[in-house]
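Here the protein sequences come in this chain order: A and B.
Residue numbers for the first sequence follow my numbering, so the first one is 1 and each next one is one higher.
Residue numbers for the second sequence follow my numbering, so the first one is 1 and each next one is one higher.
Hints are computed from structural coordinates only; laboratory data are not their basis.
Built from N, CA and C at the ideal position, the CB exists for glycine as well.
A couple of the hints might just be wrong.
Stated by the list, open to error - Computed from the model, here is a short list of chain A residues facing chain B with C-beta under 8 Å:
| id | residue |
| --- | --- |
| 1 | Ile364 |
| 2 | Gly385 |
| 3 | Ser442 |
To be verified - According to the in silico footprint, chain A covers these stretches of chain B (three or more CB under 8 Å from chain A):
| id | segment |
| --- | --- |
| 4 | 13-19 |
| 5 | 77-90 |
Claimed, not checked - What follows is a set of in silico ranges between Cβ atoms, one per label pair, in the way DEER data are often shown:
| id | chain 1 | residue 1 | chain 2 | residue 2 | range |
| --- | --- | --- | --- | --- | --- |
| 6 | A | Glu114 | B | Arg53 | 48 to 58 Å |
| 7 | B | Ile66 | A | Gly512 | 19 to 29 Å |
| 8 | B | Asp119 | A | Ser442 | 43 to 53 Å |
| 9 | B | His63 | A | Gln503 | 31 to 41 Å |
| 10 | B | Asp33 | A | Arg419 | 52 to 62 Å |
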Amino acid sequence: MIAEIGLAALWLAAALAVLQLLGGFIGARREDAQLVALVRPAAILQALLCMTAFGALLWVFAITDLSVKLVASNSHSLKPMIFKLSGAWGNHEGSMLLWVTVMAMAGGLIANVERRLPERTMMATLSAQAFVALGFFAFLLLSSNPFERLDPAPVEGNGLNPLLQDIGLAFHPPTLYIGYVGLSVAFSFAVGALLTRNVTPDFAKVMRPWVLGAWVFLTVGIVAGSYWAYYELGWGGWWFWDPVENASLMPWLAATALLHSVSVLAARDALRTWTIMLGVVAFSMSMLGTFLVRSGILTSVHAFAVDPERGSFILGLLILYIGGALVIFALRANTIAEGKRFALLSREGALVVNNVGLSAILGIVLLGTLYPLLTEAFNVRVSVGPPYFNPVSAVFFLPMLVVLMVGPLLRWRKDSFTRIRLPVMIAVVAALAALLLAWLLSDIGILPLLGLALAAGVAIASVMPLRGRNLRRLPLPVWGMCIAHFGIAVALFGMASDTAFQQERLVAARPGQTVEVGPWNATLAAVSPVAGPNWTAMQGDLLVSYRGAEPVPAQPQSRSFWTPVMETSEVALVTRWNGQLYVAIGNQADDGRWQLRLWWKPFVTFIWYGGLLIALGGVLSLLGRVTGDVRRRTATRRIAARRAEEAAL
Amino acid sequence: MGLKPKHQRLVLLSLALVAIICAGLLATVALRDQASYFYVPADIAADPPEAGRAIRLGGMVEHGSIATQEDGVTVQFVVQDGEARVPVTYTGILPDLFVEGSGVVADGSMNASGTFVADNLLARHDENYMPRELEGMTTEQIREEVQETVE
Numbered sequence: 001m002i003a004e005i006g007l008a009a010l011w012l013a014a015a016l017a018v019l020q021l022l023g024g025f026i027g028a029r030r031e032d033a034q035l036v037a038l039v040r041p042a043a044i045l046q047a048l049l050c051m052t053a054f055g056a057l058l059w060v061f062a063i064t065d066l067s068v069k070l071v072a073s074n075s076h077s078l079k080p081m082i083f084k085l086s087g088a089w090g091n092h093e094g095s096m097l098l099w100v101t102v103m104a105m106a107g108g109l110i111a112n113v114e115r116r117l118p119e120r121t122m123m124a125t126l127s128a129q130a131f132v133a134l135g136f137f138a139f140l141l142l143s144s145n146p147f148e149r150l151d152p153a154p155v156e157g158n159g160l161n162p163l164l165q166d167i168g169l170a171f172h173p174p175t176l177y178i179g180y181v182g183l184s185v186a187f188s189f190a191v192g193a194l195l196t197r198n199v200t201p202d203f204a205k206v207m208r209p210w211v212l213g214a215w216v217f218l219t220v221g222i223v224a225g226s227y228w229a230y231y232e233l234g235w236g237g238w239w240f241w242d243p244v245e246n247a248s249l250m251p252w253l254a255a256t257a258l259l260h261s262v263s264v265l266a267a268r269d270a271l272r273t274w275t276i277m278l279g280v281v282a283f284s285m286s287m288l289g290t291f292l293v294r295s296g297i298l299t300s301v302h303a304f305a306v307d308p309e310r311g312s313f314i315l316g317l318l319i320l321y322i323g324g325a326l327v328i329f330a331l332r333a334n335t336i337a338e339g340k341r342f343a344l345l346s347r348e349g350a351l352v353v354n355n356v357g358l359s360a361i362l363g364i365v366l367l368g369t370l371y372p373l374l375t376e377a378f379n380v381r382v383s384v385g386p387p388y389f390n391p392v393s394a395v396f397f398l399p400m401l402v403v404l405m406v407g408p409l410l411r412w413r414k415d416s417f418t419r420i421r422l423p424v425m426i427a428v429v430a431a432l433a434a435l436l437l438a439w440l441l442s443d444i445g446i447l448p449l450l451g452l453a454l455a456a457g458v459a460i461a462s463v464m465p466l467r468g469r470n471l472r473r474l475p476l477p478v479w480g481m482c483i484a485h486f487g488i489a490v491a492l493f494g495m496a497s498d499t500a501f502q503q504e505r506l507v508a509a510r511p512g513q514t515v516e517v518g519p520w521n522a523t524l525a526a527v528s529p530v531a532g533p534n535w536t537a538m539q540g541d542l543l544v545s546y547r548g549a550e551p552v553p554a555q556p557q558s559r560s561f562w563t564p565v566m567e568t569s570e571v572a573l574v575t576r577w578n579g580q581l582y583v584a585i586g587n588q589a590d591d592g593r594w595q596l597r598l599w600w601k602p603f604v605t606f607i608w609y610g611g612l613l614i615a616l617g618g619v620l621s622l623l624g625r626v627t628g629d630v631r632r633r634t635a636t637r638r639i640a641a642r643r644a645e646e647a648a649l
Numbered sequence: 001m002g003l004k005p006k007h008q009r010l011v012l013l014s015l016a017l018v019a020i021i022c023a024g025l026l027a028t029v030a031l032r033d034q035a036s037y038f039y040v041p042a043d044i045a046a047d048p049p050e051a052g053r054a055i056r057l058g059g060m061v062e063h064g065s066i067a068t069q070e071d072g073v074t075v076q077f078v079v080q081d082g083e084a085r086v087p088v089t090y091t092g093i094l095p096d097l098f099v100e101g102s103g104v105v106a107d108g109s110m111n112a113s114g115t116f117v118a119d120n121l122l123a124r125h126d127e128n129y130m131p132r133e134l135e136g137m138t139t140e141q142i143r144e145e146v147q148e149t150v151e
């Protein structure tokens with residue numbers, strides 16, 4: 001019964017999306033006030049219905065209703081509750097329903113709170129939003145019904161992929177999805193503004209919080225995904241340039257560029273067409289990412305819930321949306337008047353360089369990710385890996401860091417080098433000092449060396465905009481910018497340190513044996529079997545000691561799941577402020593020794609701390625923008641009320 | 001700067017163009033290397049890559065070929081594709097899905113004596129993973145299997 005309620009709610013929501021599309025489009029054309037008045041309630045109701053449908057799905061997963069096909073094929077009654085629930089979106093149908101639900105909630109939110117845009121632009125935006133949502137509704141209802149029944153119901157379910165039974169991964173896909181969907185909202189705004197030729201700073205101010213929000217979620221999603229791969233796959237790496245990772249990186253690059261260009265449009269009324277174009281590109285990248293991940297067209301270590309037929313449906317949607325948006329763009333772009341002018345040496349100029357650099361990196365990643373597909377059309381099989389991505393993207397990434405040191409110090413419109421000479425000199429000296437120090441004290445490669453130097457330079461430069469200002473009265477978005485840029489330096493420092501200074505020991509050890517790695521001593525006490533709710537494992541009991549300090553336990557496991565049958569490696573991580581000890585246990589040799597792999601990874605945690613700082617910067621900016629908007633709106637309302645009072649008198 | 005607005009747009013545009021062209025050229029050159037990055041044993045027999053160059057080797061683990069050395073962490077095995085065989089040594093913890101007859105992809109390089117020294121072994125992490133038997137597979141099928149194992 002619950003499943004049927006969910007399905008009915010989904011159909012009703014789809015019907016309301018049709019109403020929203022037609023009402024917004026025809027209503028605004030014919031200036032039919034009655035029709036237009038239906039659009040906002042339709043969007044809000046649609047959000048409530050989608051939430052009902054998603055709630056129904058959570059419910060059938062919570063009670064493990066095996067007569068629902070999706071539950072039977074992705075869940076198991078013995079699974080811990082949290083993974084029963086996360087199983088609801090850890091599969092194709094469920095994740096699509098989550099997508100539609102988040103999208104409808106975003107639509108409902110815009111319809112409910114957004115009153116600054118001219119009504120015509122608003123209607124066009126809501127129409128575009130409904131148009132995008134309808135594709136996904138059609139997808140769900142026609143080809144991947146999450147509520148499909150199974151008759152007869154099986155006695156037990158198939159279980160969820162053990163790699164997904166991890167608290168980090170349970171919340172990782174929704175985080176990325178919220179980011180993707182946020183970009184769909186930015187896309188709808190861009191299309192709405194194009195249709196009504198209304199690309200103004202006001203429009204940019206409305207679009208900005210959505211871009212910021214989407215970008216924050218994408219950032220957190222990527223950081224979480226990277227940490228998950230690091231500890232769950234047992235290889236000790238944090239970025240593999242895997243197609244699925246690239247699928248989340250590409251929208252992030254586009255969103256980062258968009259974030260900066262939309263700020264230029266909001267503050268200085270420049271880069272109008274470019275911002276619209278990026279709005280289209282950013283959403284294209286999230287669609288492309290979904291397509292790559294879902295279709296299985298590129299094989300990947302983390303491709304879950306793959307289905308080629310459904311891939312072609314997403315490809316169809318991708319072509320429809322992006323093709324449509326590009327046609328509108330081609331027809332309308334020349335009618336958007338040029339924005340304000342600026343000198344090359346200005347904040348705008350630096351942001352243009354930032355945008356060009358990010359676009360170039362985006363192009364490089366896109367090309368590398370799709371290249372195997374292109375050559376496969378000619379029957380040549382290749383695989384593209386780190387030897388391509390690392391050096392080629394670094395060629396653009398490192399110079400951009402130099403621009404990052406200078407850009408935030410520049411004034412809008414026009415500036416001169418003499419004014420910013422001092423702070424730039426300080427940052428450059430810091431970078432050179434770090435370069436010299438790292439070069440003298442160690443023997444490391446050129447990329448990590450440059451990375452360390454630029455990390456120092458960017459760290460100093462990122463706090464320079466705070467210099468000589470009243471910190472208590474500084475607007476939140478400025479804090480956000482400084483913290484995010486500082487986060488880049490922190491992450492870069494972590495990456496360079498881990499690459500340059502990590503130490504590894506690989507041994508076959510007997511119980512009682514002690515292994516040294518870097519400043520650590522690790523003693524294998526015993527290896528014994530342990531059991532979890534749906535797995536058994538061989539667990540190594542180690543006592544590890546950092547520089548002779550009191551030993552702490554480290555317990556890596558080699559786990560065997562039985563639904564489905566699969567083995568995973570659970571590494572043990574011991575964290576100190578300056579890095580992490582990473583311990584994995586392998587097989588037992590014939591003579592009884594156990595394989596142990598230990599890494600000392602100096603400052604590796606800084607990679608993710610940096611990522612979180614970047615996201616925190618986004619959150620602060622978002623808070624600043626939203627509270628600013630609210631304050632302004634209340635002020636406007638107060639003035640309007642006072643005027644009305646005066647008029648009445 | 002004393003540039004006219006029109007010229008300034010031109011400068012910005014050409015800057016962007018130069019950057020994009022550079023990116024394209026760089027990417028193309030780097031990608032051409034990747035075309036000879038992935039090898040199956042038959043490729044190595046036909047045209048051996050120079051020793052020490054980073055390549056990726058894919059194939060099936062030959063039955064009965066896995067041997068662990070005295071140190072307990074170095075493993076030797078043979079990767080084959082039905083046409084040719086390549087001996088491989090790997091020092092490290094074997095991936096969970098590494099068994100005889102399964103597909104495997106290894107990152108590493110050839111040494112002077114014709115042994116492939118693997119830095120990293122990749123096995124597929126997927127819920128639908130099934131180790132298929134090698135018997136009766138054509139080279140083309142092996143290539144597919146290997147390609148599926150990991151890119």
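Hint by hint, here is what the structure shows:
1. Ile364: Holds. Min distance 5 Å.
2. Gly385: holds, 7 Å
3. Ser442: violated, 22 Å
4. 13-19: Coverage by chain A holds here, the residue count being 3 at a Cβ distance below 8 Å.
5. 77-90: violated (count 0)
6. Glu114(A) / Arg53(B): 48 to 58 Å: holds, 57 Å
7. Ile66(B) / Gly512(A): 19 to 29 Å: The hinted range 19 to 29 Å holds for Ile66(B) and Gly512(A), with Cβ atoms some 28 Å apart.
8. Asp119(B) / Ser442(A): 43 to 53 Å: violated, 22 Å
9. His63(B) / Gln503(A): 31 to 41 Å: Holds, at about 37 Å.
10. Asp33(B) / Arg419(A): 52 to 62 Å: violated, 45 Å
Consistency note: the structure conflicts with the earlier hints numbered 3, 5, 8 and 10.
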